[in-house]
Amino acid sequence: MTTCAVPFDRLNAYVDGELLAGDELEVRRHLDICATCAGSVESLLAVKGAVAASAELRPVPHTLRERLAAHAGASSHWGRSRVARLGLLAAGTLLAVIIAGDRRERLPALPHGGSDHVVEALVADHLHFLQEPSAVEIGSNDPDRLAAALEEKVGFPVAIPRLEGAALVGGRRCSLWGQAIALTFYEARGKRLSLFIADRARFPSPVAQGSRCTASIGDYRVCLLPAGDTVLAMVGDGEQTAAMLGALEVAVGAGRRREVE
Amino acid sequence: MRSRQARLTRARAHPEFAAVALGALSSLYNFAYRLVGNEADAEDLVQDTYLEAFRHAGQLRHLARCRAWLFRILRNRRVSRERMRRARPELIILEGGLEPGDSEALPRLERALVARLTRPAILHALATLPEDMRTALLLCDLEGFTYEEIGDIMQCPIGTVRSRIARARAQLMRQLAPHAAALGIGKGPRS
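Taken in sequence, the protein lines are chains D and V. Counting with the numbering used here, you get residues 1 to 261 for the letters of the first sequence. Counting with the numbering used here, you get residues 1001 to 1191 for the letters of the second sequence.
By construction, these hints were calculated from the structure, which means they are not laboratory data. Any given hint could turn out to be false.
DEER-style ranges, computed between Cβ atoms [claimed, not checked]: (1) V/P1157 x D/E137: 35 to 41 Å; (2) D/G228 x V/T1146: 49 to 55 Å; (3) V/L1063 x D/G218: 44 to 50 Å.
Partial list, derived from the structure: chain D residues whose beta carbon lies under 10 Å from chain V [what the hints assert, rightly or not]: (4) D9; (5) V15; (6) E42; (7) L44; (8) A53; (9) R67; (10) A124; (11) D125; (12) G178; (13) A180.
Glycine residues also receive a C-beta, built at the ideal position from the N, C-alpha and C atoms.
Hey, can you work out the whole structure from these sequences and the hints?
Structure, rendered in C-alpha cells:
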C-alpha cells in the first residue's frame, strides 16, 4: 500500500468484526476520509457475501445419519445413573425425531433427473474427478468385471456399455444426494469421459426412451439416457458428448429419438 | 475421588452430548462436502469424525464447545487422510501478511452487483484456493466461527487465521473480477 496506512488484512479483520473496540473506531474514522480503503471494505463485504450466498444445503445421507445415531446409542451404556438414563431417553427421542425428519427430507430421493441441480452436480463431480489422482477406485477395461465389482459397491444391478471409439478405464462408487451411483470412466478423443449409472427408481428419468442432452454448462454437457432399470448420464465436453452419444445409444440399444434443450 | 466424580459428570453429560453432536451433523456434512468436493468422501470423513468424537466424548469439558470441537476433529481427520493419500510431500504455503503490492492490484467490487455472479463461478473460484485458506474462509463465512475459534479448530495462531482469510479474499477478488467485468460491474484496480 502506498498512500494508505491501514493494511489490507486489518480492513479484512474489520469486516469480520475482529478488531478491538479502539482499533475498530480508528478504522471507522479512517474510512470516512479514505475512499480507497472504503472501496476495499466494500469489495471485502462483496466477497464475504458471495461466499455466504454460495452455500447450498445438501441433505445428509439417511444411511449416515442412521449409522451415527445407532452408534451414539450403543456407546451410551456407560451412563448408569437415573439422570443419565432419563437423559438417554430424551436423546433417543430427539434422535428418532432427527431420523424421522431426514426420512421425510429424502423423498423424493433425488431431484428430477433433468433438473438444473442434478445436471450441475453431475458436471461438478465430473470436474472433481478429472483432477483427483485417485479417482479410479477399480481399474479395468472389462465392462463385465467392472460391472460386477461396482454392483457390490452401489447395491443395484449395473450394466456397463462398450462404447465404440472410447476406451474403458475403470470406475468408482460415488453418490448424489446421498444415493449411491456407479461412475465409470472412459477415454474418448484424448480426454476423460464420465458415465454415471444410477438406479432408475431413485433417479426419475426425464424421458421414457431415447436420449436427452442438456444445454452446455461452460464447456460441458450432460446427456441422459434410460437403460433398463438404470439411467445413464454421460458427462464430457460438448465435442465428446456429441461424438459419443450415438455410440452410447447403439450400446444400450436405445431408440434414436433425441431431445436437446 | 476427583476422577470418579469427573467420570460421573461426563457420564451424565453423555446422552446430551450425542444429541448436541448429531445436531451439528448437517453443518459438518456440508462443510466436509465443500472441502472434499464429493458426497462419498464427505460421508466417510463425517463418519470418521463422529466415531472419533463418540470415542473421546469424555474429553469434551464444555458442551457449548461441542460444535467447534467436532469441526476440529473433522479438520484433523481431513489433514491426516490427505497426508496418507499423498505419496509426495505436501505443498507448503508460507504464511505472512499481504505483500505491499498485493492490495494495490486488487480490483474493486460492489456488493449489490457481485450478488449477480453465478454460483458455479463462485464455487470454482473457491475451489482454486489452497485448502488452508479455503478452510479458514468457510469456517468464518459459512459457519460463523470467530478467528479465535478457527485458530482452535485449525490449531494455529489467530494471526495466521487473519492472514489466511485476508489472502483468501484477496485471491477471490482477483478470481471473480473477470466475471464481474463481464457483467460490467468491475471498477478496476484499487489505486
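#### Entry: Per-residue hint verdict: D/G178, partner chain V, C-beta under 10 Å
It holds, given that the least Cβ distance between D/G178 and chain V is near 7 Å, below 10 Å.
#### Entry: Hint status (Cβ of D/D125 to nearest Cβ of chain V, threshold 10 Å)
6 Å, holds
### Task
Would you settle whether the hint for D/D9 is holds or violated, based on the nearest Cβ-Cβ distance to chain V being less than 10 Å?
4 Å, holds
### Task
Go through the hint on D/A180 and say holds or violated, using the shortest Cβ distance to chain V against 10 Å.
Since chain V brings a Cβ to about 8 Å from D/A180, closer than 10 Å, the hint holds.
### Query
Taking the closest Cβ pair, is D/E42 under 10 Å from chain V?
Since chain V brings a Cβ to about 6 Å from D/E42, closer than 10 Å, the hint holds.
#### Entry: Range hint compliance [Cβ, V/L1063 to D/G218, 44 to 50 Å]
45 Å, holds
### Query
Minimum Cβ distance from D/A53 to chain V below 10 Å?
7 Å, holds
### Query
At a threshold of 10 Å, is the proposed contact between D/R67 and chain V supported by beta-carbon distances?
Holds - the Cβ of D/R67 comes within 10 Å of chain V, reaching about 7 Å at its closest.
### Message
A range of 35 to 41 Å was offered for this pair. Does it hold for the Cβ distance of V/P1157 and D/E137?
### Response
Roughly 38 Å apart at Cβ, these two residues keep to the hinted range, so it holds.
### Message
So, as I understand it, the hint says D/L44 touches chain V; can you test that by seeing if any CB pair is closer than 10 Å?
### Response
6 Å, holds
### Query
At a threshold of 10 Å, is the proposed contact between D/V15 and chain V supported by beta-carbon distances?
8 Å, holds
### Query
Once the shortest beta carbon distance from D/A124 to chain V is found, is it less than 10 Å?
8 Å, holds
Violation of the numbered hints given earlier is absent; every hint is satisfied by the structure.
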